[in-house]
Amino acid sequence: MRGYDNMPGYDRLIFELSAPGRIGYSLPAPDVPVSDPKGLLPAKHLRTAPPELPEVSEVDVVRHYSRLSQMNYGVDTHFYPLGSCTMKYNPKINEDMARVPGFARLHPLTPDALAQGALQLMWELARDLAEISGLDAVSLQPAAGAQGELAGVLIIRAYHLARGDRRTKVLVPDSAHGTNPASTAIAGYRVVQLKADADGGVDLLDLERNLDEEVAALMVTVPNTLGLFEPRILEISELCHAKGVQVYMDGANLNAVLGIARPGDLGFDVCHFNLHKTFTTPHGGGGPGAGPVGVKAHLEPFLPAPVVTKGEDGYALDWKRPQSIGKLQAFWGNFAMLVRAYAYIRTMGPDGLRAVSDNAILNANYLMKRLEPHYDLPHPGPCMHECVFSGRRQKKLGVSAMDVAKRLLDLGFYAPSIYFPLVVEEALMIEPTETESKETLDAFCDAMIQIAREAESNPQVIHDAPRTTPVRRLDQTLAARQPNLRWTRR
Amino acid sequence: MGTYPEDLRYTKEHEWARVEGNRARVGITTYAQEQLGDVVFVELPKVGTKVSQMKPFGVVESVKAVSDLFAPISGEVVEVNAELVKKPELVNQDSYGKGWMLVIQVSSPQEVNALLTSKQYQEFLAKGGH
Amino acid sequence: MRYISNTLAQQKEMLRTAGAASIEDLLSPIPSKARLSRPLNLPPALAETDLVGHMRDLASRNAHADDFVCFLGGGAYDHYIPSPINHLISRGEFFTAYTPYQPEASQGTLRTIYEYQTLICELTGMEVANASIYDGASSLAEAALMAHAATDGRTELVISRGVNPLYRQVVASYVEGPRLRLKEVPAGDGATDPRALKQAVSEKTAAVIVQYPNFFGCVEDIQAAADVAHAAKALCVVAADPVSLGLLTPPGALGADIVVGEGQGLGVPLAYGGPSLGLFATKTDLIRRMPGRLVGATVDQDGKRGFVLTLQTREQHIRREKATSNICTNVALCALMATIYLALLGKQGLRKVGELALAKAHYAAGALTKIPGVRLRFAAPFFKEFVLQLPKSPDRVVKRLVKEKILAGIPLKPFDRSLKDCLLVAVTEKRTRKEIDAFVQALSQAVA
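Chains as they are written, first to last, in our numbering: chain G, 1 to 490; chain D, 491 to 620; chain U, 621 to 1068.
For the record, the hints were derived by calculation from the structure and aren't laboratory data.
In this text the structure is predicted, and so the values were computed from the model without any measurement.
One thing to keep in mind: the hints can contain errors.
[As the list claims (entries may be wrong)] Derived BS3-like pairs: lysine-lysine, alpha-carbon spacing no greater than 27 Å straight-line:
id: 1; chain 1: U; residue 1: Lys903; chain 2: D; residue 2: Lys577
id: 2; chain 1: G; residue 1: Lys169; chain 2: D; residue 2: Lys577
id: 3; chain 1: U; residue 1: Lys942; chain 2: G; residue 2: Lys169
[Said to hold, decoys possible] Simulated DEER-style distance windows between Cβ atoms:
id: 4; chain 1: D; residue 1: Ala555; chain 2: G; residue 2: Arg453; range: 46 to 52 Å
id: 5; chain 1: U; residue 1: Glu668; chain 2: D; residue 2: Glu524; range: 54 to 60 Å
id: 6; chain 1: G; residue 1: Asp11; chain 2: D; residue 2: Gly527; range: 44 to 50 Å
id: 7; chain 1: G; residue 1: Leu422; chain 2: D; residue 2: Val537; range: 34 to 40 Å
id: 8; chain 1: U; residue 1: Asp687; chain 2: G; residue 2: Val59; range: 42 to 48 Å
id: 9; chain 1: G; residue 1: Lys310; chain 2: U; residue 2: Asp645; range: 39 to 45 Å
id: 10; chain 1: G; residue 1: Arg190; chain 2: U; residue 2: Arg925; range: 43 to 49 Å
id: 11; chain 1: D; residue 1: Lys609; chain 2: G; residue 2: Lys195; range: 40 to 46 Å
id: 12; chain 1: G; residue 1: Met402; chain 2: U; residue 2: Thr637; range: 43 to 49 Å
id: 13; chain 1: G; residue 1: Asp11; chain 2: D; residue 2: Asp558; range: 38 to 44 Å
Note that the Cβ used here is the ideal one computed from N, Cα and C, for glycine as well.
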């Protein structure tokens, strides 16, 4: 595969297409009497000049944004192996379903009796996520994984306080995603960093050293950010529970364990889901996601309110939740994403979801074996759904993980995650997902091997990359030293 | 290849201090700025702030990293390098000169003895630097 | 299985390369005690046509705004969504991309965010805007946390009861951790009580928080709130409706330090409340405390203009527990919807939307208050929403009007017992005179 053919170097911003008097909208003439706004609102509250929005035609808009889209790599066009992001194919039937007017045109404050279809969908999705995770109750409210984490930690906090226990610390491995310590800090806890062991997992000695009754929770990612299952997870959760510590699972890597292992069975008390990862809701260029949170029964009273319930009279939003941590979003959750995830789970069924994880693991191991002779592997396999290489060998030749990433763009692939997890030097974290074919994986491996050879024989071509993208390497220092964060007319 | 002037004292967190009478001028070493990469922002305390030896007094940022700045010596901040606001690159270009960060009115002069000499700092770096 | 490309034969070949006899071999690191020993108990897989049938059945049991005339507001609105938006955001390169970590291959997304940031600054009158937060409520909560940090740790937030009650609940949840105190100020006449506001503010106040227009649809005196805040060296935080800002004076010109808001009205579908679009804008001198992603302009090594994520050291992936927020994703696709909306509506169009909504809301209010027993609850000036006081139970009235396929408004009892005889009615530019007249007719019968 060559670079993205015909990736045009379009360089316009919408403001630069503006011409006074052009319009792109269609609004009806008023069919009610229109009086001067000055008669209805105080003058100080009325703009004296309209906002400097562009004046463009519909044609201008369609052409401009269509051209801009062509400057993006997306899963629909490119292999996109970002680690722990699960960039799998986004089914188009999910898009059709999300746009059905009964879902897309439903106002959130519609009385429950008139939103039974939506409430049933939410109730069933929550039930299905609970079954998938081996937990007892699920809230669909959090808007993203990070918000799901915040919900989880606040739930744990409320649980301890309800028992009259004011704990102060949360343990987080240093291989964890940055949202783990950040969410913990917002919840008011002190973050204690645990050393990851050589496999990126929880170092049991360090854990035991730090486990005491001041600790509210341990946050763990399973499989961890090296793509490895935490082999002593049952022991870990037992050690924690013996000290009254709650165990939280970051569900970002759930794509590895569907139908294989369940957080609830591993001793976890709380788990969040990333619907935009495992459950195919589209990544959107950086969101929206959805981050439902699941809990064991003893934490159910603390879930965000309202909770969707099913009773004799049908489905309802239950606001009588005195111990709830409250709300994290104004309404009930990212419903349009919930529709997509629901459609996906119904499409796949139990066997389909198991096949997802089986193939995700197979694809990652295949990739790992093909690349192993060419890049340092901190942990020899098998891996789960993702593998992490170190660009150490290439660094000695002056080629960094960053350079490898840029060269991949020229060869027609979006780069894997780089420099994460922090515990691996020059980390290259690759998650292929189950929706990629062997042909694509082979092409990617061929490209990576080509780069490894170029690092030895012709590193300059790597340093010069990317050459075929609309822009070449960008001056990040300038962007940070002289922030230019909005367009202004010169 | 960094330089470590002999007339300065150093910390294990890679700050330097130049004693000037009963004051000390403070910055970060060439090793530190190399590790950070292009400095984009330096967060410094206001004049009048009290600082304590080896406690953080500010933050230095590059594009991809953030590091706390630790006071080599206790005292009161009497001068802050305002040039770093517009030109944080001075920290990279002239770490021991125009890239200076603070001047501290020293409260306990004997604290200097806890700092490393140029030779000791270089040995520290040779062993890994942490 | 149409989403898994590899055939059985290919899987066998790949297992061989991976050095495994079967998938089970690859799962060997998982202790058997940890394994699920049965299939997941989920409904069986549905073929596409069956799935569509099932989903349509679910959808048919929702009273949505294409079937029912919608006068519901309270933070979500049935505004005009121009047709090109859906087509453009459905382009796979936009909606199947992710965070622009490799900017050279993400210039499409990065440029649209830069445009979005610019547009939000223009609307709000502020100097810098981020790439979006999840919704108006969480945006407001982030603003509260930012004010706490920016005022060197002041612990009180003075918040008007004119702010949407659901937003106030979200703020309360977010400030649990740092144990900040929310002091509520009444809005008994529909707008924040200025004397009570002054009394509530002290040297402990991090921010004064008001909504514009507020939950009752009324237009608040932002300048007065800002003056009170600044006199105490606190910040003024305004939750604004961006659709109104084509017509109303932007909060930035009235003294706001942070402007947040709900951007759903800018081309984002109602979709039962989510996903939404949280706006967040502030002043340049507060930029380092700002949560969320920021896109900045720069040049590439050939001197060509390009765009990158910048000032990332504020964020969780670098700063971890010391980050300005835990936020990772923004709501990029919704921000793109808003960008395209604002491009299509433009300078003249957004103003027209505001004028139409203003005119229709006032026409409706005028006609409704001619019904005996029906009054406007508040005298304060309003924009596109207003509160009606009814002579009969609002719940009963709502039920009656459902029979006429009208979603009449939001009964306010669950939000405020003192307003238990009141209904919050929203009238957007989409409500025709015919619809409004039918509403008036049906309501007058319902309260007779």
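For this session: Run the structure past the numbered hints and jot down the numbers of the failing ones, going up.
Result: Violated hints: 2, 4, 6, 8, 11, 12; rest satisfied.
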